[in-house]
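Enquirer: The lines below spell out each chain.
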Amino acid sequence: DIRMTQSPASLSASLGETVNIECLASEDIYSDLAWYQQKPGKSPQLLIYNANSLQNGVPSRFSGSGSGTQYSLKINSLQSEDVATYFCQQYNNYPNTFGAGTKLELK
Amino acid sequence: QVSLKESGPGILQPFQTLSLTCSFSGFSLGTSNMGVGWIRQTSGKGLEYLATIWWDDDKYFNPSLNSRLTVSKDTSNNQAFLKITSVDTADTGTYYCTRAALTGSSYFDYWGQGVMVTVSS
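So the protein lines, in turn, are chains A and B.
Residue 38 in the numbering used here is what sits at position 38 of the first sequence, and the numbering runs on without skipping anything.
Residue 56 in the numbering used here is what sits at position 56 of the second sequence, and the numbering runs on without skipping anything.
Treat the hints as calculated values from the structure; they're not laboratory data.
For clarity, every value in this text was computed on a predicted model and none was experimentally measured.
For each residue, glycine too, the CB sits at the ideal point set by N, CA and C.
Be careful, since some hints might not be right.
Which residues of chain B face chain A? A partial, calculated answer using Cβ under 7 Å [claimed, not checked]:
1) 42
2) 46
3) 49
4) 55
5) 107
6) 114
Straight line, CA to CA, 27 Å or less: simulated DSS-like cross-link-like pairs of lysine-lysine [what the hints assert, rightly or not]:
7) A/74 - A/103
8) B/59 - B/5
9) A/74 - A/107
10) A/74 - A/42
11) B/83 - B/45
12) A/42 - B/83
13) A/103 - B/5
14) A/103 - A/39
15) A/42 - B/45
16) A/107 - A/42
17) B/45 - B/5
18) A/42 - B/5
19) B/45 - B/59
20) B/45 - A/74
21) A/103 - A/42
22) B/83 - B/5
23) B/83 - B/59
24) B/5 - A/39
25) A/107 - A/39
26) B/83 - A/103
27) B/45 - A/39
28) A/74 - A/39
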């Protein structure tokens with residue numbers, strides 16, 4: 001299975017700040033990468049697919065980038081509603097695998 | 001408008017069979033390229049992909065649970081089903097049904113609210 005390593009595991013940031021979350025795949029996943037946001041008590045919601053495509057309805061302050069084995073999620077101008085846990089998922093190979101998550105809190 | 005909702009027993013005992021139902025709307029498993037995926041979230045393994053069933057009844061199972069999983073569908077009633085045999089405490093968690101956005105290995109563009117399952121004697 002492809003191993004997805006997310007960093008950091010947790011993150012504290014201030015309102016208006018820019019946040020970066022990293023995801024490292026154990027092998028090349030050819031940009032077959034999605035990012036999800038999970039708020040407390042809720043199910044994950046798709047933010048980004050194909051490494052850099054924004055899902056309909058997702059604010060433009062979210063963006064994704066990367067290629068090969070290294071990917072990142074960027075949140076510009078952090079808002080209070082962005083407090084959540086963020087997960088990456090590779091879908092280049094079965095079985096699909098997820099990162100362990102990055103918990104984002106407000107400073 | 002796509003929506004999905006899981007339902008299941010809540011609590012079951014070790015060695016029993018877990019049966020979950022996903023009732024969905026806004027798409028049909030009778031339409032080409034549609035698929036319903038099952039994912040669970042446990043304290044031990046985090047988010048774990050389980051299986052997908054496709055419009056043409058093709059299926060994919062996570063090899064780590066392959067022998068214990070069954071997926072099926074009722075196209076007429078917009079439902080999909082997951083069964084896991086011989087559960088143990090490691091199967092405790094929240095189970096989600098999702099819509100697969102792509103044919104084949106895919107990301108998941110819509111998720112149900114999840115159903116909590118506890119395995120306890």
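Enquirer: It remains to establish, for every hint, whether it holds in the given structure.
Expert: Verification of the hints:
no.: 1; hint: 42; result: 12 Å, violated
no.: 2; hint: 46; result: 5 Å, holds
no.: 3; hint: 49; result: 4 Å, holds
no.: 4; hint: 55; result: 18 Å, violated
no.: 5; hint: 107; result: 4 Å, holds
no.: 6; hint: 114; result: 5 Å, holds
no.: 7; hint: A/74 - A/103; result: 14 Å, holds
no.: 8; hint: B/59 - B/5; result: 20 Å, holds
no.: 9; hint: A/74 - A/107; result: 17 Å, holds
no.: 10; hint: A/74 - A/42; result: 22 Å, holds
no.: 11; hint: B/83 - B/45; result: 19 Å, holds
no.: 12; hint: A/42 - B/83; result: 23 Å, holds
no.: 13; hint: A/103 - B/5; result: 26 Å, holds
no.: 14; hint: A/103 - A/39; result: 10 Å, holds
no.: 15; hint: A/42 - B/45; result: 18 Å, holds
no.: 16; hint: A/107 - A/42; result: 22 Å, holds
no.: 17; hint: B/45 - B/5; result: 23 Å, holds
no.: 18; hint: A/42 - B/5; result: 13 Å, holds
no.: 19; hint: B/45 - B/59; result: 23 Å, holds
no.: 20; hint: B/45 - A/74; result: 25 Å, holds
no.: 21; hint: A/103 - A/42; result: 14 Å, holds
no.: 22; hint: B/83 - B/5; result: 16 Å, holds
no.: 23; hint: B/83 - B/59; result: 13 Å, holds
no.: 24; hint: B/5 - A/39; result: 18 Å, holds
no.: 25; hint: A/107 - A/39; result: 17 Å, holds
no.: 26; hint: B/83 - A/103; result: 31 Å, violated
no.: 27; hint: B/45 - A/39; result: 18 Å, holds
no.: 28; hint: A/74 - A/39; result: 17 Å, holds
Checked against the numbered hints given earlier, the structure breaks hints 1, 4, 26 and satisfies all the rest.
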